[in-house]
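Trainee: Going line by line, the protein sequences match chains A and B.
If you read the first sequence in my numbering, its first letter stands for residue 1, the second for the next number, and so on.
If you read the second sequence in my numbering, its first letter stands for residue 1, the second for the next number, and so on.
Possibly wrong hints are sitting among the right ones.
[Claimed, not checked] What follows is a list of derived Cβ distance ranges for each label pair:
hint, chain 1, residue 1, chain 2, residue 2, range
1, B, A140, A, I309, 43 to 49 Å
2, A, G223, B, L89, 56 to 62 Å
3, B, E150, A, K193, 57 to 63 Å
4, A, S361, B, V6, 54 to 60 Å
These aren't lab readings, by the way, just hints derived from the structure by calculation.
Glycine included, every Cβ here is placed at the ideal spot set by N, Cα and C.
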Amino acid sequence: MSITRRQALKSAAAATVASSFAKPAIAQKSPIQVGYLPALTGPSSSTGVGINRGTQLAIEEINKSGGIDGRQIELITRDTQSDPTKAVNGAAELTRGAKVSVVFGPVNSGESLAVTPLLARTNTPQVHPCWVDSLTDAKKYPMCFRNAPTNQQIGGAANRYVFEVLKRKKVAVISDTTGYGTASVNAYVPMLKQMGAEVVYQGNVDAANPDLKPEILRMQGAGAEAIMPWSVNAGFLSRIINTRSQLNWDVPICGQTTLGSGQTKALLDKPEYWAKVYPNNFRPVCYGEGGKLPDRTNAFLDRLKSAKIDMGDTLLWWIALGWDSPNMIAEAIKAVGPEPEKLVGYLNQLKNFPGVYGDISFTADRHDGYPDQQVVMVEANSLKDGAFNLAPGYGA
Amino acid sequence: MLASIVLSGLAIGSIYALIGVTYNVMYSASRVFSFTAGTLGMVGGILGSLFILRMGLPVWLGFLLALAGGALLGVITEIVAVRPVLKSLDQHLYVLSTLALALMVQQFAAIEWSTEPQPFPRIFDIARGGFDQTFWLPMAACVITIVGLELLYRHTLVGHAFLAIAEDNYAARALGLPERNLRIASFALAGVIGALAGFAGGQLLLAFFANAPLLTFYGFVPVALGGMGNNRGAVAAGLILGLFQQAANFLVGGIFASVAVFTAFIFVLLAFPDGLAGASAQRRV
Numbered sequence: 001m002s003i004t005r006r007q008a009l010k011s012a013a014a015a016t017v018a019s020s021f022a023k024p025a026i027a028q029k030s031p032i033q034v035g036y037l038p039a040l041t042g043p044s045s046s047t048g049v050g051i052n053r054g055t056q057l058a059i060e061e062i063n064k065s066g067g068i069d070g071r072q073i074e075l076i077t078r079d080t081q082s083d084p085t086k087a088v089n090g091a092a093e094l095t096r097g098a099k100v101s102v103v104f105g106p107v108n109s110g111e112s113l114a115v116t117p118l119l120a121r122t123n124t125p126q127v128h129p130c131w132v133d134s135l136t137d138a139k140k141y142p143m144c145f146r147n148a149p150t151n152q153q154i155g156g157a158a159n160r161y162v163f164e165v166l167k168r169k170k171v172a173v174i175s176d177t178t179g180y181g182t183a184s185v186n187a188y189v190p191m192l193k194q195m196g197a198e199v200v201y202q203g204n205v206d207a208a209n210p211d212l213k214p215e216i217l218r219m220q221g222a223g224a225e226a227i228m229p230w231s232v233n234a235g236f237l238s239r240i241i242n243t244r245s246q247l248n249w250d251v252p253i254c255g256q257t258t259l260g261s262g263q264t265k266a267l268l269d270k271p272e273y274w275a276k277v278y279p280n281n282f283r284p285v286c287y288g289e290g291g292k293l294p295d296r297t298n299a300f301l302d303r304l305k306s307a308k309i310d311m312g313d314t315l316l317w318w319i320a321l322g323w324d325s326p327n328m329i330a331e332a333i334k335a336v337g338p339e340p341e342k343l344v345g346y347l348n349q350l351k352n353f354p355g356v357y358g359d360i361s362f363t364a365d366r367h368d369g370y371p372d373q374q375v376v377m378v379e380a381n382s383l384k385d386g387a388f389n390l391a392p393g394y395g396a
Numbered sequence: 001m002l003a004s005i006v007l008s009g010l011a012i013g014s015i016y017a018l019i020g021v022t023y024n025v026m027y028s029a030s031r032v033f034s035f036t037a038g039t040l041g042m043v044g045g046i047l048g049s050l051f052i053l054r055m056g057l058p059v060w061l062g063f064l065l066a067l068a069g070g071a072l073l074g075v076i077t078e079i080v081a082v083r084p085v086l087k088s089l090d091q092h093l094y095v096l097s098t099l100a101l102a103l104m105v106q107q108f109a110a111i112e113w114s115t116e117p118q119p120f121p122r123i124f125d126i127a128r129g130g131f132d133q134t135f136w137l138p139m140a141a142c143v144i145t146i147v148g149l150e151l152l153y154r155h156t157l158v159g160h161a162f163l164a165i166a167e168d169n170y171a172a173r174a175l176g177l178p179e180r181n182l183r184i185a186s187f188a189l190a191g192v193i194g195a196l197a198g199f200a201g202g203q204l205l206l207a208f209f210a211n212a213p214l215l216t217f218y219g220f221v222p223v224a225l226g227g228m229g230n231n232r233g234a235v236a237a238g239l240i241l242g243l244f245q246q247a248a249n250f251l252v253g254g255i256f257a258s259v260a261v262f263t264a265f266i267f268v269l270l271a272f273p274d275g276l277a278g279a280s281a282q283r284r285v
C-alpha cells in the first residue's frame, strides 16, 4: 500500500497533536525533582544533620498530603561530605544528570561558595541558608536566594547586644585562623568601632592551641569588658569559656551560635562555666518571657514530637530551617510551576513567608530574605529541647 | 605569668617529647621514620575517652585498653606500612606508606568517633588546682617513660637485643637474634608510648581526631632538634619546645607564636644541622 504525501503529512500532524496532548498528562503525574545538597557526613555535618531532619519531615508531609497539585516531590539528595569539591560534583550531577527544578543547599558556606557560581551558570534556582555575605548578589546570581541571615546580620546583632544592651564599651574580639574566623573579625571590628566601641584586643589564634590563658590574660590586661569569639570550633570556644571562668573573670562572652551547642557544653570543666555566655540565635525559635515559644513554633514542636524527631542532640533552628525551606519551595512551585524563570519571578516578590525559623521576604534587588530584628542573642545555659531563652535585656 | 609558662610549657613539651620518643623507638628498630607517631597519640586520647567516658569502664582498665590499642596500631604500622618498604629504604617510600596509614586512621577516627573534639575524663578524682593533673600527668608520663626505657635498654636482655638491632641489624641477625620479632615488639612499644602521650595529655588536648597532624608535626621537632634516635635529646628538645612555644604565646600571642617557634627551629637547625644533641654521621669514603 502506497502512502501519498498528503496522507503522510496528515499522519505526522495527527501524531504531533496527539503527542502534545499526551505529554502534559504524563508530566502531571511525574514527580517534581528537587535537588538537595546537605553535608550529612564530614567535619561540618552537625548543621546538615539537624537541617536534614526538618527537610525530610517537610517532604514526607507534602507528599502525604497529595504533593503539589497531585505531583509528588522527589528529593534528590547528594551528601556533600562537608567538602566543597564533592558539593560541586553533586551540583553538577543534579543539574546535568537529574535536571532538577530547583536546588536547596549547600548548607555550609564553604560548599556554597563553590556551588553557587555553577548553579548560576546552569540557570538553576537555588535556595541556601549560608551566612557568608558574598553568597547572594541579585545581579551576579539572579537565581540564588538566601533564607537565613548574612554574616553582617549575625555580627550586627551580637555587636548591638554588647554595646547597646549590655553597655560594654571595651571589647575583645577573637577568632580561630579559619577563613570564617578571620573574615568575621575583619567584618565585625569596623562595625563595632563605627558604633563607638573600643576594640581593646583583636586576635586570630590557632584553634588547636591547648592553652588560651595568654590570650585571655592579654584581653584582661587591655581592660576588655566583653569577649566576642567567632569560631565554629567547639574545642576553641570551650577553652575560652573555661579559661575565663578559671581566672574568675566575670565578663560576658557573646558571639557565634556554637557557643550554645551541646558539644561546647560537653567540653566545659564545670556546667556553671556556661553562665554569662550569649550566643546568636533567632527570635522565633527562642523562649520568650514566661519560658514560652511563639504559637507557630509550638505547633511545629508538636509536629516534631508526633513524628518522633530527636531534638536532644541538635538545635531547633536547624530543624526549623530544614522544614521551612522545602515548604517555601513547594509554595512557589504550587503557585507558578517548576520552570526556573517563573520560580525566580515568584521568589523575587515573596513577602513574609511565614517560616518557623523566620519570616522570609525577597525583592528583585535583595535576595537576603531574613529580617534583622529576628536575629538575637540567647542564654547558652538555658538550652532545653534545642531552644534557648532570650538573653537578658530583650524582653518578650 | 612565669609559673603559667613553665607549667603549661612543660606539660605540652612532655607530650611532644613522648611523641618524639615514639618516632625514635620506631626509627631505632627499622631505620624508618614512621609518620604514624602523632596518630598513635591521637588514638590514645580517643580510646581513653571511648573506654572510660562512653563505655563507663574503670579508669585503670580504660588506660590499659588504650595502651593495648596503641600497641596494636604500632604492630599494624610495622606490618602494613613499614615491612613492605624495608628493602628500598633509600627510596624513602616509607614517607608515603606511613603517611597514608596515618591519614587512613585519622579519617576512620573522624568518621567513627567524631569530627568535633570530645571531652576526656578526669583521671584522678581530686579537686582542680594550680598544679592540676592536666599539667602534671603528661610530665609524670614522660619521666616514667624515660626511666622505663633506660631500665629496659640497660638492664634487660630484650633491651640489649633492641639496642643490638638498632646498632646493626645485619650483625644482630647473624648472631641469631629474631630481628623481625624484635622489630614488631619495638613498634608495639612505640605504640604504647604514643598512646600514653595521648592519654596523659588527653585533658589538655581533648579527644580529637585533628590532634594527629598536630602531634605528628610538633612531635617531629624534638626528634630533629634532639638528634635522630636519641631519646634523651628528644626529651630535652621537647621540653624546650614546649617552654618556648608557651613563652611565645604569652609574649607575642596569636598566630605569631607559631611563626616564632618555627623561626627558632629553622635557626637552630642552620646552626646545628644534626640537632642540638646529635652527632654528625661518619661516612666511609
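Trainee: In this structure, is the beta-carbon distance linking A140/B and I309/A contained in 43 to 49 Å?
Mentor: Hint holds: Cβ distance 47 Å, inside 43 to 49 Å.
Trainee: Given a hinted range of 54 to 60 Å, is it respected by the beta-carbon distance of S361/A and V6/B?
Mentor: holds (58 Å)
Trainee: Note whether the CB distance of G223/A and L89/B lies within 56 to 62 Å or breaks it.
Mentor: holds (58 Å)
Trainee: Holds or violated: the 57 to 63 Å window for the beta-carbon distance between E150/B and K193/A?
Mentor: holds (58 Å)
Comparing the model with each numbered hint stated earlier shows that all of them hold.
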